[in-house]
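**Student:** Below are the chains, spelled out letter by letter.
Number of protein chains: 2
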Amino acid sequence: MSSKIIECIPNFSEARRPSVLEEIKKSILEIDNINLLNIHSDTDHNRSVFTYIGDPVNIKKATFNAIKKASELIDMNFHRGAHPRIGATDVVPFVPLRNATIEDCKSIALSIAKKVGQELKIPVYLYEESAVSPDRKNLENIRRGQFEKLKNEIQNDPKRKPDFGPSILHSSGATVIGARNPLIAYNVYLTSDDITIAQKIAKAIRYSSGGLRYIKAMGVLVDGKAQVSMNLTNFKKTPVHRVFELIKIEANKYGVNVSNSELVGMIPEEALIESAKWYLHLDDVGNNQILEHNINSTFD
Amino acid sequence: MSSKIIECIPNFSEARRPSVLEEIKKSILEIDNINLLNIHSDTDHNRSVFTYIGDPVNIKKATFNAIKKASELIDMNFHRGAHPRIGATDVVPFVPLRNATIEDCKSIALSIAKKVGQELKIPVYLYEESAVSPDRKNLENIRRGQFEKLKNEIQNDPKRKPDFGPSILHSSGATVIGARNPLIAYNVYLTSDDITIAQKIAKAIRYSSGGLRYIKAMGVLVDGKAQVSMNLTNFKKTPVHRVFELIKIEANKYGVNVSNSELVGMIPEEALIESAKWYLHLDDVGNNQILEHNINSTFD
Chain A
12 MSSKIIECIP NFSEARRPSV LEEIKKSILE IDNINLLNIH SDTDHNRSVF TYIGDPVNIK
72 KATFNAIKKA SELIDMNFHR GAHPRIGATD VVPFVPLRNA TIEDCKSIAL SIAKKVGQEL
132 KIPVYLYEES AVSPDRKNLE NIRRGQFEKL KNEIQNDPKR KPDFGPSILH SSGATVIGAR
192 NPLIAYNVYL TSDDITIAQK IAKAIRYSSG GLRYIKAMGV LVDGKAQVSM NLTNFKKTPV
252 HRVFELIKIE ANKYGVNVSN SELVGMIPEE ALIESAKWYL HLDDVGNNQI LEHNINSTFD
Chain B
12 MSSKIIECIP NFSEARRPSV LEEIKKSILE IDNINLLNIH SDTDHNRSVF TYIGDPVNIK
72 KATFNAIKKA SELIDMNFHR GAHPRIGATD VVPFVPLRNA TIEDCKSIAL SIAKKVGQEL
132 KIPVYLYEES AVSPDRKNLE NIRRGQFEKL KNEIQNDPKR KPDFGPSILH SSGATVIGAR
192 NPLIAYNVYL TSDDITIAQK IAKAIRYSSG GLRYIKAMGV LVDGKAQVSM NLTNFKKTPV
252 HRVFELIKIE ANKYGVNVSN SELVGMIPEE ALIESAKWYL HLDDVGNNQI LEHNINSTFD
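First to last, the protein sequences are chains A and B.
Here the first sequence is numbered in the working numbering, starting from 12 and rising by one per residue.
Here the second sequence is numbered in the working numbering, starting from 12 and rising by one per residue.
Since the hints were made in silico from the structure, they are not lab data.
Be aware that one or more of the hints could be misleading.
Since the list gives no way to pick out one identical chain from another, each pair is judged satisfied if it fits inside one copy or across any two copies.
Below are the DSSO-like pairs computed for lysine-lysine, each with C-alpha atoms no more than 27 Å apart in a straight line [claimed, not checked]:
1. K288 - K236
2. K247 - K288
3. K148 - K117
4. K288 - K211
5. K132 - K148
6. K288 - K248
7. K15 - K288
8. K259 - K288
Source: prediction; values computed, not measured.
Work the whole structure out from these sequences, hints included.
**Tutor:** Next up, the structure:
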């Protein structure tokens, strides 16, 4: 009954002029049913990250508005900041939340990318799950050389041809758009102050050294407690409960236990519900059996 | 950011005249932002149960509308049915869902009870968590003698005086209104076809024979599998995970395991999220860290 929810987290190349951020914010909020969750600005980076959620139709409208507004107010020829960037709206990831799939996000990303290229004459590169070639999956490849070098390369190097829009960089630069899975920042504390145990566990569970496919992990010491600090880059394929149970097993080997866990930032509801179902052996429970999921909100 | 969601499950003394149910349904749905989840009619009982959810303001409006409509269309003097009843709208429980508390439901129940008594001249009894005296906590006490006997007693027996409205029964009878906690119907299957094991486990875990405070349980045989069949009457105080883990421990004693679990009907989202947090040791995760819970829907 209730419909799809999408998250969008655009990064704009501005943090030092509050009036510009205010204008971008207004351009997003003039669209109905958009929930702006957070604006994080870093003045050293001279970069701001907006986080908002909404239904597919309105998230498209709000995001186009924001990209248009940023292109009018930010001139990349005068932008200075510590963070790599190629455009006024530098990167725009779309993330599937309740009832939405990565395919939904790919379709949204594609339609915005087209519109931005055609109507705003901004070169657009598709990345992550939306990438049309493997070398554009990774954002860093696309951003190589930044605005200053891309200006020349986009005109002369066929490998740098954008997926949409003209092969020429105006003052608003270029924009990277794509669908990606939600990322969960999840940390597990051990009943130990021995960082080497956390490091050994991190090594055992992370993909890069032979562990689970969608886990990045490292061992750190926080407030005198050993912590396994992680990013889960695809909780549908590598779920939180499997990670947690594996850490418990590894910790046991060293004679320690897990004390508590924490989330840094937010988690999609589905990740917690899937873990509850797994632990409680609720194999066949459907989304429509969760009372609150039967809300016909304005997202329909 | 997002606001309170309340569930209301009124029982009407009608199942044999679809046109009456249609009128009641219309009176509910003419209010904004009400989500009607289910209508369950039993013609032997001549009784229908409506389930809908909404915010506090609109759930009050919809429920008052429905009680009014039922009082116009159902004459208890002509009602026949197998189920005990005292009124056209027989009983109206309010249940707290997301962000709502039992106190919110008590306040809603009180305000509707007053309005129904004053404006519709229907005698109203407050029950469950809303009861003003212990003997009115239990619905069956209030319904004793049913419509037919209450007609006389309400005028002559001071113990039967309603909490609101006149001490006289018109054709729409009396109505019982109150707040109660959500009920979860949860069954756990064992890796055994021995019903006696399920019965022993049920006896061990249920309140009535010394078990957990908010558990009703019995052992049954379903599709050749032994099953512990339960009602959880207060999942906040006796949570699903504690029940499940206790069943596992008891089952182990008999050399069997749990295979799978099932929910009959619906579960409040919070029950699953609290279980996930318990299993994953996410002690300090707040509601605002769940992405979808940051929706400013029309419920605000």
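**Student:** None of the hints should be skipped; say for each whether it holds.
**Tutor:** Evaluated hints:
Taking the shortest Cα distances, K288 and K236 sit within 27 Å of each other only across copies (21 Å), while inside one copy they are farther apart (30 Å). Taking the closest pair of Cα atoms, K247 and K288 come within 27 Å of each other both inside a single copy (13 Å) and across two copies (17 Å). In this assembly of identical chains, the alpha carbons of K148 and K117 lie at most 27 Å apart only when taken from the same copy (13 Å versus 54 Å across copies). Taking the shortest alpha-carbon separations for K288 and K211, only the inter-copy value of 25 Å comes in at or below 27 Å, while the best intra-copy value is 30 Å.
Taking the shortest alpha-carbon separations for K132 and K148, only the intra-copy value of 23 Å comes in at or below 27 Å, while the best inter-copy value is 69 Å. In the homo-oligomer, the alpha carbons of K288 and K248 lie at most 27 Å apart both inside one protomer (15 Å) and across protomers (20 Å), since each shortest distance falls under that limit. For the identical chains of this complex, K15 and K288 are neighbours both inside a copy (21 Å) and across copies (25 Å), given an alpha-carbon limit of 27 Å. When the C-alpha separation of K259 and K288 is checked against a cutoff of 27 Å, the pair qualifies both within a copy, at 19 Å, and between copies, at 16 Å.
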